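Participant: Take a look at the letters that make up each chain.
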Amino acid sequence: MTISRRIFVKSGGLALVSLGLDPLFLARAAFAAHRPIGPSVRPVLVCLFQRGAVDGLNMIVPHGESAYYEERPRIAVPAADVVDLDGHFGLHPSLAPLKELWDNKSLAAIHAIGSPDATRSHFDAQDYMESGTPGVKSTGDGWMNRYCQHDREHADTPFRAVAFGPQLPRILAGSAPSLAIDDLQAFGLRVPEAAARDRLTRAFEELYDGAGTGLLASSSREGFEAVQMLKRADPTQYRPDAGADYPPGRLGKTLLQIAQLIKADVGLEMAFADCSGWDTHVNQGSSEGQLSARLRELGLALAAFNRDLGDRMRNIVVLTMSEFGRTIRENGNSGTDHGHATAMLALGGPVNGGRVLGRWPGLRREQRFEGRDVAVTTDFRDLFGEILARHMGAADLSTVFPGYTPSPAQFLGAIRG
Amino acid sequence: MLSIVAAICLLTTQAPGPALPSLTPRDSAFHALNRLAYGARPGEADSVAKVGVMRWIEQQLDADHIPDSHLAAREREFKILDYDRGDLAGRYRDAVRERQRMQREAAASGDTMRMRGAEPMREFRELGGELQQLAVVRAALSERQLREVMIDFWTNHFNVFVGKGADRFLLPSYIEETIRPRALGRFEDLLIATAHSPAMLFYLDNAQSVAPGSSPPPRRPPPMFGPFGRPRFGMGNPFGRPRFGTNDMNREERRRRQPTGINENYARELMELHTLGVDGGYTQQDVINVARIFTGWSIEPPERGSGFVFHDWAHDDGDKIVLGQVFKGDGEGEGMRLLKFLANQHATMHHVSAKLCARFVADDPPDGCVDAAVAAWQKTRGDIRAVLRAIFTSPDFWAPQAVQTKVKTPFEFVVSAVRATGVEPDSTPRLAQMVARLGEPLYQQPAPTGYAETEAHWVNSGALLARMNAAVALAKECSSIPATDDHTQLVDAIDQKLLAGTMSAHTRSVILEQLADITDPVQARALAVGLALGGPDFQKQ
Chain C
1 MTISRRIFVK
11 SGGLALVSLG
21 LDPLFLARAA
31 FAAHRPIGPS
41 VRPVLVCLFQ
51 RGAVDGLNMI
61 VPHGESAYYE
71 ERPRIAVPAA
81 DVVDLDGHFG
91 LHPSLAPLKE
101 LWDNKSLAAI
111 HAIGSPDATR
121 SHFDAQDYME
131 SGTPGVKSTG
141 DGWMNRYCQH
151 DREHADTPFR
161 AVAFGPQLPR
171 ILAGSAPSLA
181 IDDLQAFGLR
191 VPEAAARDRL
201 TRAFEELYDG
211 AGTGLLASSS
221 REGFEAVQML
231 KRADPTQYRP
241 DAGADYPPGR
251 LGKTLLQIAQ
261 LIKADVGLEM
271 AFADCSGWDT
281 HVNQGSSEGQ
291 LSARLRELGL
301 ALAAFNRDLG
311 DRMRNIVVLT
321 MSEFGRTIRE
331 NGNSGTDHGH
341 ATAMLALGGP
351 VNGGRVLGRW
361 PGLRREQRFE
371 GRDVAVTTDF
381 RDLFGEILAR
391 HMGAADLSTV
401 FPGYTPSPAQ
411 FLGAIRG
Chain Z
1001 MLSIVAAICL
1011 LTTQAPGPAL
1021 PSLTPRDSAF
1031 HALNRLAYGA
1041 RPGEADSVAK
1051 VGVMRWIEQQ
1061 LDADHIPDSH
1071 LAAREREFKI
1081 LDYDRGDLAG
1091 RYRDAVRERQ
1101 RMQREAAASG
1111 DTMRMRGAEP
1121 MREFRELGGE
1131 LQQLAVVRAA
1141 LSERQLREVM
1151 IDFWTNHFNV
1161 FVGKGADRFL
1171 LPSYIEETIR
1181 PRALGRFEDL
1191 LIATAHSPAM
1201 LFYLDNAQSV
1211 APGSSPPPRR
1221 PPPMFGPFGR
1231 PRFGMGNPFG
1241 RPRFGTNDMN
1251 REERRRRQPT
1261 GINENYAREL
1271 MELHTLGVDG
1281 GYTQQDVINV
1291 ARIFTGWSIE
1301 PPERGSGFVF
1311 HDWAHDDGDK
1321 IVLGQVFKGD
1331 GEGEGMRLLK
1341 FLANQHATMH
1351 HVSAKLCARF
1361 VADDPPDGCV
1371 DAAVAAWQKT
1381 RGDIRAVLRA
1391 IFTSPDFWAP
1401 QAVQTKVKTP
1411 FEFVVSAVRA
1421 TGVEPDSTPR
1431 LAQMVARLGE
1441 PLYQQPAPTG
1451 YAETEAHWVN
1461 SGALLARMNA
1471 AVALAKECSS
1481 IPATDDHTQL
1491 VDAIDQKLLA
1501 GTMSAHTRSV
1511 ILEQLADITD
1521 PVQARALAVG
1531 LALGGPDFQK
1541 Q
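Residue numbers (the numbering used here), protein chains in the order written: chain C, 1 to 417; chain Z, 1001 to 1541.
Extracted from the complex, chain Z is given alone in its bound form (with noise of 0.2 Å):
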């Protein structure tokens, strides 16, 4: 009861209420921003104040209501979102066969330079840059921040790496159709979902997990790559050289190839980083269990559109014991089954909220958010919005201690700071590129466990100094602060339109020293707002 009371003060006074006893109603509006959007555009703290930061937060979790006209009109140039998995499956597959023509002409030419036949696959390096600038421009403009911030988390929490395989074409589905649509709908039904989808199918090689002894029943066309070609590639050549040649490839090597049993990976990773986390209590038995209730979960072939398809044929027909649950062998719902009961497990519920605290509190989140995010996700059945709720409402999210300690990860500092200078991003993958060459190049982490979110993983002497050039490279198109030569006015207007106020005495006299013999006020804005960019305060959130 006491509980409502205060959300419902929370949701009506203007000003935030006793919860956040040592914050400026500016400060807390800022600090939201940080957290729940990609920073602050210039004026954005301020207006955000003026709304109630609690009422904007509560705008945000009901992100199907807010506008978003300005982003809707720029995805309009990304080309990639008018194929859909089909399309790309069956261009990708013209071109590797385009690139084994000219492969196979070039070796009895002997002319060794055009056997790495990269042309052919060009429109798919192009495809891929543009699947990531998307994602910065979806960051940078939307005006659902927080659904964006979600679809981040969530990419990385279910991390599928481009560069494998058959998954250079499945991972813009993958993006579109089955995480963003669910970023903030319940949790099980975006781990059904992945579990579904032939980009995850085939990234963790559940698409080739059979029963041991089972084989496709004859007649069918031999696969020619995707769930049950290994995939290959190799870092400096990333289209590797997926093979087709049906023609010459001889029946023992397709048997050969056919894979001969199960397939432990998605299984494991199913729960040590999707649901109960790596102490969750599995043995390697529920291991096994698991893969075998996985089994006959696979891929259509490309030229059938690479969707999901259940095989009969490859599954394992025995009853199963997970987490001393019985699921009995009947196909398909046994797998569905076994989502549901991972989904709703305590040790999910505790591993997932602390991942989403780290992400929005702090790398190492108190145990009161946490214990509070669980809580409404065990009433709610793991609705995201409540656990969501839940934890912007926690006394710890509006600590001091958490409040401006956060260090940005790459794809936060270069998205924040286009936000914050008004540099409208362009589709090209400048931007995406910037984010990558600070490390965290995007849908490119190979390993399941996805980008870290803690401040040792980002920040080293290196990647520093990468900072402070993008900083400089981005504060040449600076527009939000106006040129001028009072250095003082200008210093002020960086504070405030850049960092909300938060600039620190240190950071603005040193700013102001090096302006001192600069007359220029174009280079006077371009150095001050570099530093400012590039400088310790803006490295954190």
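Extracted from the complex, chain C is given alone in its bound form (with noise of 0.2 Å):
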């Protein structure tokens, strides 16, 4: 299916062009005209930002360097806490739901990773990595868009990048088409009454179609697609599987519609969520409190969220990334100040899990970044490059991370091969 697509594509699209048509229009016709289609095979991403720099330190706890006890008196998580995963790292108690993922092999942790450029600005760090361009402002879009524009082949549907929140973030942002939705239910005309509200969509969709061929008449046309796939999709009648309970709030939410839009086949293939409240100045806590509450909400929903999509998380990466770690004493506050190298989670098939992944630099002094941080020893572009060629199956990232190229001697096999 998806082979005849991408042949229909190529072998068309370049006649098609001379007698002045859209090859991009044409590839969705031809995708919508094939529809409903079967489960998905096409792999899927799906990144969370941790905005506000989570502290690696006390998320994939190094319970086996003496150091890391020494600089965190109140804060540390005690060795008896924690959920041991090889000897010197363990989990924080609150992720204990995610144990079993480890022991399945679905869970790998990369420990050490972030940014080239010494910022320990949220603002800048967190443009940095959308970007996928540390150091370099002016990038005007963000890497997930760049691996959709160098890919346009599949740009077929119009959920093929979601961003789930009221606006496009900076990572989805570009020439590609990608969708923000604040609220997948409430996701088209906001018209209480359902014929009311299907005799609009028709009348603007009409009204959108006499606008000729510019990005008005496509984009209006693409908008109008998803939402008649989503109301065959019906997200109104929604019943997570294999009894998966998604925690209250905001992520499990997030979570939750985008394995409902995974599990609707209308092509999803980049996800992104926020998850805020990381930024952990003062009284951080150790086993409990303030970041253990945030750490809780995370594991349960990821969990939640691999219990729902049960088998096809063959194909699905889900990803955690944040600007930065915190710094590795604790400060006066029982908290942590910005730092330098932090932790992030991958799960799913395609995952190499079991492991921590990414050479570990070591918590002594002479060992860290400027005499307080923990080193990065991983550019984040080397992970993310990883999963998008290896996983998402990206033939040339020299497009998406301009000015960097990251080389597959440098990948650190959080992807099966």
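Simulated from the structure, these hints should not be mistaken for laboratory data.
The structure displayed is predicted, hence computed values, not measured ones.
Relax, there's no trap hidden among the hints.
List time: in silico DSSO-like cross-link candidates among lysine-lysine, alpha-carbon distance up to 30 Å: (1) Lys231(C) <-> Lys1476(Z); (2) Lys1379(Z) <-> Lys1355(Z); (3) Lys137(C) <-> Lys1340(Z).
Join the two chains into one complex using the hints; note that each chain is given alone, in its own frame.
Facilitator: Following this line, the structure appears as structure tokens:
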């Protein structure tokens, strides 16, 4: 199915361009003609951005490191509470629901990962992680969008790249079509009564149909197509599978909606969501407390997502990311300040799990970045690049990360070969 | 000589002169209202055509002489205008302290729900909402439309993100005192004012840029936040956690927080975005030298009002070379010389003129209007009104391919819909929230580039559906169109009042078809206006 569509575009596209027809539009039309399609075999990447800089050291705890306990008398997670992974690292106890996934080798942690840029500004560091160009502020688009740009033959569904939230985030900004969906159930025209809504939808559809071939016309076509596809998928009737129980709150709701879209087989490939509340300068807590509460929600939400999607997880990778890590030493307010490297989690069937990946630099003073923070030993672009190349099948990473080409020699082996 | 004659002709004739062969006087008035203003109010295309579009443009360029009493009265509803920077700094500091007190209490009692303590910050959130809504009200109601358009242009050109640390309380004075009074003045003055503004100094980190090895004189009270505290905020928690706590911040930590060298952030954006443009021919060494020139340009602590201050002790006194020009190390003065130098570089004239033409003429502006703007800039040493006049008298501005072809930004869309429907915008943040939902939350662009001007940036399927929803919501309040059960009359009125007679035949037939079985005049009006505002014709200007 996917192959025949590609052949159609590749062989027929050029000839049709000479007739003045847009091959992208034809690709979409071809896709639409074959709907509904069966269960997706497309790879899916779900990115969760932990905004505010998560404390990687209390998320994936180096309990085998004496410096960790020396520097954090009040907020270190006691070794007895840590869910041990490999004798040196362990999960924060609030992430215990993920241990099962570690054991079945579908969860990996990546430590000492971050940006080559030294900034400790949330604003700059988030920007760099989303643009994919650390140190370069003038980049207009985000790396997830650039991936979609360079692989346009897939651009046959309005749901290919979706951000959950009211605005399109920087990471998905750019010329490839992408949707921002605040609430799946409310996507479309907001008219309470169904018949009136359908009528208004048809009217707008017709209005824009006459608007020629510009971006306005093609965008409205995509929008209404998305509305129609969603209507068939009927998000209001959704019940998670296998008794998956998403935790209350924004993150659980968002992951549930991503699961819905994946199961609706509407062509979702790249999903993105924010997950905030990690900027723990004051009273961070250790086994319990502020950070613990955020991690509990994260662990429960990821575990529920994994359970809900069941077999489909074989084509899905969930990746957490955060702009930087936090100081090794606790501060005067039982919290941590802005640091450098942090930890990320990768989850899913394609993940080479059950391992803490990346070279661990150590926490002793001489091993630190600028004498205070965890040093970065893995450029985040090497991990993102590996996932795009080995999981998503990206052929050319140099256009996704301009000025930097992640090389397979640098790949951590996060994705199974 | 010839051009003077032509200009006089344009100014004195009622109908547009020979420069606009293909547009009727009313069409050219509508075009001017779409670009120099936030769209036409009902009947305004006719009244501008009657005055003469070129005369109306001259009036708009001379904004100070346009009475604006209705807006002045409405502005009094916004209490944000009653506070100066010092007031806001003090209130912010008190709110942060109060929240920390609550957090400590909550932590002591193990109440994790209360530890996020957003309550003390509520006033700031509300003031932020007011500031955004004030922008909508001014754009919709001001008679000095071109001035409001230019204020939006410069606010975006010299973008400051309100969510970054101290900019939460520095932004109001940036808008009121730095940008607004200079929107139609000289570019150089505007550039100098932004370089001195605490909001920009904080946003682009120049406030913490110091000569390596320098340190403040002793016995100065330790900086509590602002210039020397790193910005702290998480996107999900817009008011971050600025830390005060001199009591529990030990000396070593204070020293660690002390900046130890130059910060290139402002220097780079000054050349890349504010003046020369990314291809303006500067090097990394120029960036470093510009940063050295601005070492010491900083901000007073909040208890002293957060104003501009030049710290002699932080300044790099060496000589610097920028673009081949030597700047003698002599303190604050070299920064002033550099700003004047940059403001008058040819690359700057071209970069800013092209951006103006992208706003007023076309996303990808033709060379003709850009060259005309640059020539006027050169002749007048950057008189913004002269540059604008050159654009508005350029044939490219009036070319048929420029008319009704630019997609409105979300802000332009909402404000133009408010104007067309005759809705009196209230002082609640409702309309500003609508602009935000459409993707352009005002003052909330984190990147120093500001928001994009181009169609590709604003048109996507989710955004378009959001525009349709906004149109349907606004249509319910439409008072400029009388409700009638004569559908043809209704659609005619919409065409005339909302679209100045430019409604396409297709739009007309679709709307009439949809109205066919609706008998209630109010319901028919709401549907027809909603479709007209949400349809493709009204997305363009």
